[in-house]
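Colleague: Here is what each chain is made of, one letter per residue.
2 protein chains.
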Amino acid sequence: MNIDAAKAALAHLDIDEKEASIRASSRDFFWYSPVLKDRLDHVVADFVVRPRNEAEVIEVLKVCYHHDVPVTTRGAGTGNYGQAMPLEGGCVMHLRWMDKVKAVHPGRVIVEPGCLLKDLDAACKEQSGQEIRMFSSTWATATIGGFIAGGSGGVGSCTWGSLRDLGNIIRLRVVTMEEEPRILEFRGEELARVSHAYGTNGIITEIEMPLAPAYDWVEMFVTSKDFMAATRFAQDLANEDGILIKLATVFEAPVAKDYFQRVAPHVEADDTLIGLMVAPHSMDGFQTLLGRSPALNLIYRSDDHDWDRSPGTVFEYGWNHTTLRALKVDPSITYLQVRFGYPNQLDLIEKMREALSPEVLHHLEVLKEGGKVMFAGLSLVKFTTEERLDEIVKIHEDAGAMVFNPHRYTLEEGGRQTVDDRQLKFKREADPKGLLNPGKMIAWDDPDFDFAEMYSYPKIQAAE
Amino acid sequence: MNIDAAKAALAHLDIDEKEASIRASSRDFFWYSPVLKDRLDHVVADFVVRPRNEAEVIEVLKVCYHHDVPVTTRGAGTGNYGQAMPLEGGCVMHLRWMDKVKAVHPGRVIVEPGCLLKDLDAACKEQSGQEIRMFSSTWATATIGGFIAGGSGGVGSCTWGSLRDLGNIIRLRVVTMEEEPRILEFRGEELARVSHAYGTNGIITEIEMPLAPAYDWVEMFVTSKDFMAATRFAQDLANEDGILIKLATVFEAPVAKDYFQRVAPHVEADDTLIGLMVAPHSMDGFQTLLGRSPALNLIYRSDDHDWDRSPGTVFEYGWNHTTLRALKVDPSITYLQVRFGYPNQLDLIEKMREALSPEVLHHLEVLKEGGKVMFAGLSLVKFTTEERLDEIVKIHEDAGAMVFNPHRYTLEEGGRQTVDDRQLKFKREADPKGLLNPGKMIAWDDPDFDFAEMYSYPKIQAAE
Ligand SMILES: Cc1cc2nc3c(=O)[nH]c(=O)nc-3n(C[C@H](O)[C@H](O)[C@H](O)COP(=O)(O)OP(=O)(O)OC[C@H]3O[C@@H](n4cnc5c(N)ncnc54)[C@H](O)[C@@H]3O)c2cc1C
Ligand SMILES: Cc1cc2nc3c(=O)[nH]c(=O)nc-3n(C[C@H](O)[C@H](O)[C@H](O)COP(=O)(O)OP(=O)(O)OC[C@H]3O[C@@H](n4cnc5c(N)ncnc54)[C@H](O)[C@@H]3O)c2cc1C
Numbered sequence: 001m002n003i004d005a006a007k008a009a010l011a012h013l014d015i016d017e018k019e020a021s022i023r024a025s026s027r028d029f030f031w032y033s034p035v036l037k038d039r040l041d042h043v044v045a046d047f048v049v050r051p052r053n054e055a056e057v058i059e060v061l062k063v064c065y066h067h068d069v070p071v072t073t074r075g076a077g078t079g080n081y082g083q084a085m086p087l088e089g090g091c092v093m094h095l096r097w098m099d100k101v102k103a104v105h106p107g108r109v110i111v112e113p114g115c116l117l118k119d120l121d122a123a124c125k126e127q128s129g130q131e132i133r134m135f136s137s138t139w140a141t142a143t144i145g146g147f148i149a150g151g152s153g154g155v156g157s158c159t160w161g162s163l164r165d166l167g168n169i170i171r172l173r174v175v176t177m178e179e180e181p182r183i184l185e186f187r188g189e190e191l192a193r194v195s196h197a198y199g200t201n202g203i204i205t206e207i208e209m210p211l212a213p214a215y216d217w218v219e220m221f222v223t224s225k226d227f228m229a230a231t232r233f234a235q236d237l238a239n240e241d242g243i244l245i246k247l248a249t250v251f252e253a254p255v256a257k258d259y260f261q262r263v264a265p266h267v268e269a270d271d272t273l274i275g276l277m278v279a280p281h282s283m284d285g286f287q288t289l290l291g292r293s294p295a296l297n298l299i300y301r302s303d304d305h306d307w308d309r310s311p312g313t314v315f316e317y318g319w320n321h322t323t324l325r326a327l328k329v330d331p332s333i334t335y336l337q338v339r340f341g342y343p344n345q346l347d348l349i350e351k352m353r354e355a356l357s358p359e360v361l362h363h364l365e366v367l368k369e370g371g372k373v374m375f376a377g378l379s380l381v382k383f384t385t386e387e388r389l390d391e392i393v394k395i396h397e398d399a400g401a402m403v404f405n406p407h408r409y410t411l412e413e414g415g416r417q418t419v420d421d422r423q424l425k426f427k428r429e430a431d432p433k434g435l436l437n438p439g440k441m442i443a444w445d446d447p448d449f450d451f452a453e454m455y456s457y458p459k460i461q462a463a464e
Numbered sequence: 001m002n003i004d005a006a007k008a009a010l011a012h013l014d015i016d017e018k019e020a021s022i023r024a025s026s027r028d029f030f031w032y033s034p035v036l037k038d039r040l041d042h043v044v045a046d047f048v049v050r051p052r053n054e055a056e057v058i059e060v061l062k063v064c065y066h067h068d069v070p071v072t073t074r075g076a077g078t079g080n081y082g083q084a085m086p087l088e089g090g091c092v093m094h095l096r097w098m099d100k101v102k103a104v105h106p107g108r109v110i111v112e113p114g115c116l117l118k119d120l121d122a123a124c125k126e127q128s129g130q131e132i133r134m135f136s137s138t139w140a141t142a143t144i145g146g147f148i149a150g151g152s153g154g155v156g157s158c159t160w161g162s163l164r165d166l167g168n169i170i171r172l173r174v175v176t177m178e179e180e181p182r183i184l185e186f187r188g189e190e191l192a193r194v195s196h197a198y199g200t201n202g203i204i205t206e207i208e209m210p211l212a213p214a215y216d217w218v219e220m221f222v223t224s225k226d227f228m229a230a231t232r233f234a235q236d237l238a239n240e241d242g243i244l245i246k247l248a249t250v251f252e253a254p255v256a257k258d259y260f261q262r263v264a265p266h267v268e269a270d271d272t273l274i275g276l277m278v279a280p281h282s283m284d285g286f287q288t289l290l291g292r293s294p295a296l297n298l299i300y301r302s303d304d305h306d307w308d309r310s311p312g313t314v315f316e317y318g319w320n321h322t323t324l325r326a327l328k329v330d331p332s333i334t335y336l337q338v339r340f341g342y343p344n345q346l347d348l349i350e351k352m353r354e355a356l357s358p359e360v361l362h363h364l365e366v367l368k369e370g371g372k373v374m375f376a377g378l379s380l381v382k383f384t385t386e387e388r389l390d391e392i393v394k395i396h397e398d399a400g401a402m403v404f405n406p407h408r409y410t411l412e413e414g415g416r417q418t419v420d421d422r423q424l425k426f427k428r429e430a431d432p433k434g435l436l437n438p439g440k441m442i443a444w445d446d447p448d449f450d451f452a453e454m455y456s457y458p459k460i461q462a463a464e
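Protein sequences appear in the order of chains D and B. First residue of the first sequence: 1, per the UniProt record's numbering; consecutive thereafter. First residue of the second sequence: 1, per the UniProt record's numbering; consecutive thereafter.
Everything hinted at is true.
It does not matter which identical chain is used: a pair holds within one copy or between any two.
With a straight-line Cα cutoff of 20 Å, these simulated EDC-like cross-link-like pairs (lysine to aspartate or glutamate) come out: (1) 18 with 41; (2) 372 with 236; (3) 7 with 178; (4) 7 with 54; (5) 372 with 165; (6) 62 with 14; (7) 100 with 119.
No wet-lab data here; the hints were simulated from the structure. All of these numbers come straight from a predicted model, not from anything done at the bench.
The task is simple: from the sequences and hints, build the whole structure.
Modeller: Here's what the structure looks like:
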């Protein structure tokens, strides 16, 4: 690893030299996890480079290849698993200047990876009355490239499913890290090679995404004294084929009272809260359905309310923002990502609640998977020890609820604990020296790893 | 019933006096059914009036009320069950002049009932790049009012569900037939009073419908040698949350070869045919899915083909157009409407095929119901006798497949054989004399009817 030579060769590019900002550009939201906080807090890049276009990306990759310098790509660094953190140091390639919306067509957009989700939506809306189908709740701060390379789904997934589902990404243009970097265009089955691969096997330089119509979504809060009734309502709503929604989230009591400051004055401690986004022309249908559950209370709608202080956008209570809000009030809170899959979702949810509440409080996101309505749980966990956290994971798994562990920094441990062969195979050809975001793909480092314990990347920087 | 007095009082309106055209305006597509053909062929109105606006509708209803003249409303008369046929004679009120698109907004349109579906779509597309969510396959000839009052769903229902589902109609403005007709506005739960009520309890004078984006749908035909594989593919496609479709239809062999003249040269007798409409920006996802079934063959796509003669629009092969095409070739063909509901749809379909093919050939439409993908069967039946037809219905019902009998002219017999209390109750207040489309609501005429035999309206015109 010859850092100085690489830096010198790249000196004509936009290189960030300030130590504080190198430090900032080497971190993401890994500190959500007490486990990752313990392992990654010291990690820092040697330098940060900010390419302005694909040609400069290629230059960075080529030079770093030549000097054996690891390259970790950064969108906005809002990931939760240390995905964007340079475990071995080296170069952080920050894509903030590659933010152009290149073309908006009916049903699709072509964009550079560094564009913020909110800027992308603004451009699509202004030019065509459209918006992206789904976004991470970090819409205001995250990039589209980071969402595709590091995220999974979010606001909109209750209707459109997850990013990995066929049709939710149309095309990715990818640059490899070889002696002579290649430019590849992926569609269809090939997309799985690099989407949600943490930038370990290629850098995405252009993205084509499907669009949906942009509506003035009505954002709402509904309360219920009965957690399961609230959960069933969210599910029933999502099963109404004629009612168009973009978000349906359930927060077990007392999450709203304890952690949602602007909502707290309007709820009681035993209120389960439902957060919703409904298309304006579906509001009649929505209210008809709501009227069938007289025990539910509509306490807030964004287009018509008398709250002294607006709660802000409702989706910033959902997805991983729930954890963020809880953490701000109680730093001992962390979370789990659980799949409550169809058709047993309601049973599993109830069972976990009986077994673990209030140590674990349900936060459920309605999700479409394979044409069925189910739930993703981003459960809030009152953290005590790593052992207990592992135990809680095991209780879920034993009951049949798959857990995507957010307290791990590798692709496999955060996923289904299996190697994605398509990603591994592509890494072999696209990153022969293993310099792209090292330490994140166990299959590359240690094919025989047995997942008995948390993986620890051998070449991770030593803590001081 | 004082016809002459009513005609005289309405003489300043557009009244159709020509016998041939009165006869034509008294008929619909009832002749699809040999059973209905036998019962209804002679039915004819005394006169036809064509109001130009709501005020004239009110005038017609008021005058006919005064003179005890039955009023049967007509959109375009493309219904299949004699819905628009004046069983007792009297007045046919034809809404062809009430065809204005009043306002197009994001996500919704306000329109008069006599507007043709195709004209409505054209206006929405031109003004806003939108279109209606679903339409009857008689898009080119049927009215939006007739679709709502007499139809159930169609092209688009594979994504949005049926007309009766919450959110698929926003608002209906309705005029009653009382001494002083009232104008009512229905939303939410109230919509069920008059939608799919055949105009038996109120006349719809204005409609507010939700809209979806208008895309240049790619229309396709795919063949398979394996019927169940084709059916599973259609289902799998509809379960892909990220692939936007508007139509997925399966035709058992040899329907395509025998009845689809322009398709026949491109298929063999043992080819099951799938008809599809996919959004252009979902074509990559679609082709990826298709690629996973190498035994399926894409033989036609509307945006790129080398067929000498275009097959025309693919949706005019689906829904009830299938029956029409079959009938034209073999007049002994009729059909059934079957619900192959989730989760047993594939089993039921296979079972019925084993029991009844080729006397009954499957024609399946993918349909969303309660958030699940299932199938509506519009099975083609080689008609022999009414007894055998009833037997075939019974075989379906015994296996657990609900049949909506298209060989009956009443609401109940074409539906779930139960009285819709909301419709009956509303008829009591909106049509106290029972003059609106008489003979179509058994619950009104004969509350104790036991459905053992086909209902026969006692006051039906005598055949000459
Ligand atoms: C409060 C909060 C809420 C969140 N909510 C959600 C949510 O709803 N859904 C969700 O999926 N995630 C969520 N996340 C995680 C994260 O914010 C999102 O995944 C986000 O979209 C990542 O974008 P980013 O620009 O910050 O990516 P980064 O964190 O910068 O990068 C993410 C990963 O992608 C790689 N990468 C970035 N750009 C490229 C590129 N061009 N080519 C190749 N690799 C690249 C990085 O190396 C890294 O591994 C949330 C996080 C927080 C803190
Ligand atoms: C080839 C073919 C294909 C078809 N495909 C489909 C399909 O895919 N889906 C489907 O649902 N149907 C289908 N149908 C049935 C029919 O075409 C549709 O339901 C159509 O939308 C009816 O519209 P219309 O204007 O012809 O109505 P009409 O036949 O004129 O009327 C239908 C019923 O509604 C009543 N009515 C009409 N206007 C009003 C009003 N303003 N107020 C109150 N009552 C009123 C009439 O009295 C009658 O009872 C098909 C029929 C054929 C022949």
